[in-house]
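Listed below are the residues making up each chain.
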Amino acid sequence: DGGITQSPKYLFRKEGQNVTLSCEQNLNHDAMYWYRQDPGQGLRLIYYSQIVNDFQKGDIAEGYSVSREKKESFPLTVTSAQKNPTAFYLCASRDSGRAAKNIQYFGAGTRLSVL
Amino acid sequence: ELKVEQNPLFLSMQEGKNYTIYCNYSTTSDRLYWYRQDPGKSLESLFVLLSNGAVKQEGRLMASLDTKARLSTLHITAAVHDLSATYFCAVDMRGTYKYIFGTGTRLKVLA
Chain L
116 DGGITQSPKY LFRKEGQNVT LSCEQNLNHD AMYWYRQDPG QGLRLIYYSQ IVNDFQKGDI
176 AEGYSVSREK KESFPLTVTS AQKNPTAFYL CASRDSGRAA KNIQYFGAGT RLSVL
Chain Y
4 ELKVEQNPLF LSMQEGKNYT IYCNYSTTSD RLYWYRQDPG KSLESLFVLL SNGAVKQEGR
64 LMASLDTKAR LSTLHITAAV HDLSATYFCA VDMRGTYKYI FGTGTRLKVL A
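Which chain is which? The protein sequence lines are L and Y, in order. So the first sequence is numbered by the numbering used here: it starts at 116 and just counts up by one. So the second sequence is numbered by the numbering used here: it starts at 4 and just counts up by one.
Everything labelled a hint here was simulated from the structure, so no lab data went into it. Keep in mind that a hint or two might mislead.
[What the hints assert, rightly or not] Just so you have them, the derived chain Y footprint on chain L, three or more residues with Cβ under 8 Å:
1) 132-140
2) 180-189
[To be verified] No more than 25 Å apart at the CA atoms, straight line, and that leaves these computed lysine to any residue pairs for SDA-like:
3) Y/59 to L/172
4) Y/59 to L/218
5) Y/44 to L/157
6) Y/6 to Y/20
7) L/185 to L/157
8) L/172 to Y/100
Heads up, the beta-carbon is just placed ideally off N, CA and C, and yes, glycines get one too.
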């Protein structure tokens, strides 16, 4: 089945540690996104990538890093510089074909907590 | 500042009643999206509205778009408990790959 796979579902980070959240899609979508959602809040854009080997900062990129070496994969690293990382992280991709409506499709999310 | 505002933020309603959720946005956009999120889950696409005057309906939900007023509505008809969820609207920023999401409306339908 086509879709977006995020792993792990739950992640715990220790003080000073970097952790990486995985996002893989087999939808053949060019654009991919990372959002952060805090309890009772909307989604805030961390990073997005329009195409392989290219990505841009979103509204809250500080303390995060990404890479886009393959079309299918867009991992997010939460660095030790992110002092308040506890949140629900959502990965999305977008179909930008000629007939596409630019709908974003979301993965199931990763819930990150600090130990 | 680019904003997408939803109201109400919280909505508790009885089964069988009708209600409307409003989504106002400040940026120029041609597309408006509605998503549903169940507690602890991801976002599910409900509707995409592509032009002024667009109306989409699925079951008890109907969405509409007025690009001149920069307003979209999500109307709930004869609510049932299964509609309890948080509903988000989002707009794409014209000429970019970015989207702005509203703060969400948490709907609770009481039996």
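Here is how each hint holds up against the structure:
With a cut-off of 8 Å between beta carbons, the region 132-140 of chain L has 0 residues touching chain Y; three or more are needed, and the interface restraint is violated. Counting residues of the region 180-189 of chain L whose C-beta lies closer than 8 Å to any C-beta of chain Y gives 0; at least three are required, and the coverage claim is violated. Straight-line distance between C-alpha atoms of residue 59 of chain Y and residue 172 of chain L comes to about 33 Å, which puts the hinted pair past the 25 Å bound. Straight-line distance between C-alpha atoms of residue 59 of chain Y and residue 218 of chain L comes to about 15 Å, which keeps the hinted pair within the 25 Å bound.
Restraint check: the Cα-Cα separation between residue 44 of chain Y and residue 157 of chain L comes to about 13 Å, which is no more than 25 Å; the hinted pair holds. The suggested pairing of residue 6 of chain Y with residue 20 of chain Y is violated, with an alpha-carbon distance near 30 Å, which exceeds 25 Å. In summary, the hint linking residue 185 of chain L to residue 157 of chain L is not supported, as the alpha carbons are separated by about 29 Å, beyond the 25 Å threshold. At most 25 Å may separate the alpha-carbon atoms for a hinted pair to count; residue 172 of chain L and residue 100 of chain Y meet this at roughly 12 Å.
Checked against the numbered hints listed earlier, the structure breaks hints 1, 2, 3, 6 and 7; every other hint is satisfied.
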